[in-house]
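Chain by chain, the residues run as shown.
Number of protein chains: 2
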Amino acid sequence: MTYIDETHDPKAQSWLEDANGHSDFPLQNLPLGVFSPEGDDKPRGGIAIGDHILDLGGLESHLSGDAALAAKAAGGSSLNALFALGAGPRRALRRAVFALLTDSTKENLIRPLLFSATPSTLYLPAHVGDYTDFYTGINHAENVGKLFRPDNPLLPNYKYVPIGYHGRASSIRVSGTNFPRPKGQIKTPDASEPAFGPCHRLDYELEMGIWVSHGNDLGDTIPIASAKQHIAGLCLLNDWSARDIQAWEYQPLGPFLAKNFISTVSPWVITTEALAPYQVAQPARPEDDPKPLAYLSDAEDQKTGAYNVIMEVHILTEKMRAAGEEPCRLSKGNMSAMYWTAAQLVAHHASGGCNLQPGDLLGTGTLSGADSSSYGSLLELSNGGKAPITLPNGETRTFLEDNDELILSAYAERENRVRIGFGSCRGKVQPAR
Amino acid sequence: MTYIDETHDPKAQSWLEDANGHSDFPLQNLPLGVFSPEGDDKPRGGIAIGDHILDLGGLESHLSGDAALAAKAAGGSSLNALFALGAGPRRALRRAVFALLTDSTKENLIRPLLFSATPSTLYLPAHVGDYTDFYTGINHAENVGKLFRPDNPLLPNYKYVPIGYHGRASSIRVSGTNFPRPKGQIKTPDASEPAFGPCHRLDYELEMGIWVSHGNDLGDTIPIASAKQHIAGLCLLNDWSARDIQAWEYQPLGPFLAKNFISTVSPWVITTEALAPYQVAQPARPEDDPKPLAYLSDAEDQKTGAYNVIMEVHILTEKMRAAGEEPCRLSKGNMSAMYWTAAQLVAHHASGGCNLQPGDLLGTGTLSGADSSSYGSLLELSNGGKAPITLPNGETRTFLEDNDELILSAYAERENRVRIGFGSCRGKVQPAR
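Protein sequences, first through last, are from chains A and B.
Residue numbers for the first sequence follow the UniProt record's numbering, so the first one is 1 and each next one is one higher.
Residue numbers for the second sequence follow the UniProt record's numbering, so the first one is 1 and each next one is one higher.
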């Protein structure tokens, strides 16, 4: 069911001025993360509000019931314990924080718990036990399929099975982590043998990350009708990809070193509560497409399982940085490019008895729109490296060059609602070691 | 370098009688695990010795230096902290325990720390941060390749790249965990569409598990010459597989639900120290095979990187159980079926900058020998389900039936050395839920 209450009121005002402005984090957002304030290196849970972060570690004593339980669970260095509590306490915390921020008599109580965001350090919001990357972007799957398998772009299982694979959890990092260009085995088309060296076709992938709240026991499943209850919220995810390493290694068992050198997420969990007003119907499937099997079918999910979230990618090159220029946009798309809903991914993942756990991260796969203005990777934008793109300053790119920084961003909007943002997911490619 | 010292002396004798016998765990083995004694549910590190388990949680006060450090690290509910210390403290602990068990003046001191193994509970030896499954069994790769891709059994990358993929960490369980037959999407050859239901082609896979000790930082690599130092030891691994689910889902991104419903490991970590006397040269590759690339080449590893470990699979069916029969053997092979050494897997895994962590688990992939007496899966034994095998009691199997129990076992042996065992890795298939 759609969850809308006073915390979504677009007219609500806070005594904290920057909570009312046009930042990514107005009063109606209240995303969850882990931070440490300037001069204090102890990570603890926080809620982004305007240009500030509210310290959840210090909030418990001002709350009661489920909200206090949630704040206590969020007081440590990861949100796993909060996620494990499920939707009830998380909603209670949201309502309580909203009430405190809109009640001017509480200002003196809460001010000491608000820290300036800019000098704070942000961390991964949760310890990721397992990371699974799906492949729900059907335009991306078709675009990439054409490059890797011209005769067979979309395999026969694609419209029945939410295709996914296990990714590497240890190399997931929070926004702002720079990393060296990976090395690996590469076999160029004209070489008779592979050689080991730096990746020449380094790429980004624009994805959404789905944070799992409470999970299921091994051998149990998660019915589609309740699957959404198992999602704590969303974040941006950059699934950096070494295309030349991938092309050589990926058969028959899938991508491995091509993807596990780093994956970057944005620091704030945009909760399913915050996103409730931006729910939309799952895009209609073409007439000829098969109906989802029963374990993936739910009328409510079909009506409200997608989100109107706009996603953008910007690049900042070394030359632009030296010239004092702003990042320029590479693409702008929408999360509705998903062929499967987040709930369908959760239900499918657990359908064979695999146990999900609080803090598991699911990637949607690259979300590309139907035309090139919304392609979510350079592989697609440059047509497999054959057609370089030209940036406003005249530079060209087929794939990423050293010192290129990528910035993913996103926001949810709807008429008569406040627009809420996701913050950014940044990372810079450093020269190979 | 080969590490052999007094702890490998085949003539050594303990004051503990069952440490001198022909169990899997004689004095020269000293494998590491996590257990709780009867009537006490607090898991702690232990060393298997004969029919007993030595409580490492209580041992620290009797040790000094590195050995005490290691015992302290092993006193908790997982061995991750011990693994993180690397080989030095682990070896010091081995030497110290060996000394205590062979010095009869220490019997009164140590007896109170010895618990009967049979009524003890065994746990996963470490928290698995990430699990990676490789595909090093070249006979298996050829056998399976023929079934899935008759025209193209061994892909062109196989002899260059140690093929591997990320597996699911949350569903790894210790020996003795029974599990329901998984359900999933299955498309039979004559059906136009897939249907969701219980797996009809449930299989086991005989593998070795490799426990990672200390790891590497993200962006760093592990040179092949020091890769073996990053291995704490080995265990048995059953990579249960739903072949019909796998066949439909695995392209293009690899196995997913077909493998993540459970993977089972044996509880004892047979340390690289214990295995040192059984090191053998990597089997010679055929003349035509390419030489490994430089980052995977090491003369010492080529001379000593393989192990003479014999691996067996037994089955116990419901009918055999009812008749009071013993499990019957399905296959007997050798770990030398690996095309790549354990050190090569570690070096490859980190070669692109992926960070390994203490307690990561690497699977070798199914280790099948050259002929059917040593095939490590029913898929191979039954030639893809086309040729049922007959058990001694007349029952036949193509794939696993409900209430079938699989028992993997292994031992290392060498002339003039004591034979050491791995214990067993058991699991029973229960009816689908």
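Treat the hints with caution; some may be incorrect.
Straight-line distance between alpha carbons at most 25 Å, and here's what the computed DSS-like set of lysine-lysine pairs gives [to be verified]:
1) B/Lys-187 to B/Lys-332
2) A/Lys-332 to A/Lys-146
3) B/Lys-159 to B/Lys-303
4) A/Lys-159 to B/Lys-319
5) B/Lys-159 to A/Lys-187
6) B/Lys-319 to B/Lys-291
7) B/Lys-187 to A/Lys-291
8) B/Lys-332 to B/Lys-319
9) B/Lys-291 to B/Lys-303
10) A/Lys-303 to A/Lys-291
11) B/Lys-72 to B/Lys-42
12) B/Lys-291 to A/Lys-187
It should be emphasised that the hints constitute simulated quantities derived from the structure, not laboratory data.
Fair warning: this is a prediction, and the values are worked out from it, not measured in the lab.
Evaluated hints:
Restraint check: the Cα-Cα separation between B/Lys-187 and B/Lys-332 comes to about 33 Å, which exceeds 25 Å; the hinted pair is violated. Taking the CA atoms of A/Lys-332 and A/Lys-146, the gap is about 22 Å. The hint holds against a cut of 25 Å. For the hint linking B/Lys-159 to B/Lys-303, the alpha-carbon distance of about 19 Å falls within 25 Å, and the restraint holds. A C-alpha spacing of about 42 Å is found between A/Lys-159 and B/Lys-319, which places the hinted pair above 25 Å, so the restraint is violated.
A hinted pair counts as satisfied when its Cα atoms are at most 25 Å apart, and B/Lys-159 with A/Lys-187 qualifies at roughly 13 Å. Proposed proximity of B/Lys-319 and B/Lys-291 is contradicted: the alpha carbons are some 50 Å apart, above 25 Å. Annotation: proposed proximity of B/Lys-187 to A/Lys-291 holds, straight-line Cα distance about 15 Å (limit 25 Å). Proximity of B/Lys-332 to B/Lys-319 is assessed by CA-CA distance (about 23 Å); at most 25 Å being required, the pair is judged to hold.
As the CA atoms of B/Lys-291 and B/Lys-303 are separated by approximately 15 Å, the hinted pair is consistent with the 25 Å bound. The hinted pair formed by A/Lys-303 and A/Lys-291 meets the criterion: a straight-line CA distance of about 15 Å does not exceed 25 Å. The straight-line distance between the Cα atoms of B/Lys-72 and B/Lys-42 is roughly 15 Å, inside the 25 Å bound, and the hint therefore holds. The hinted pair formed by B/Lys-291 and A/Lys-187 meets the criterion: a straight-line CA distance of about 15 Å does not exceed 25 Å.
Going through the hint list in order, the structure does not satisfy hints 1, 4 and 6.
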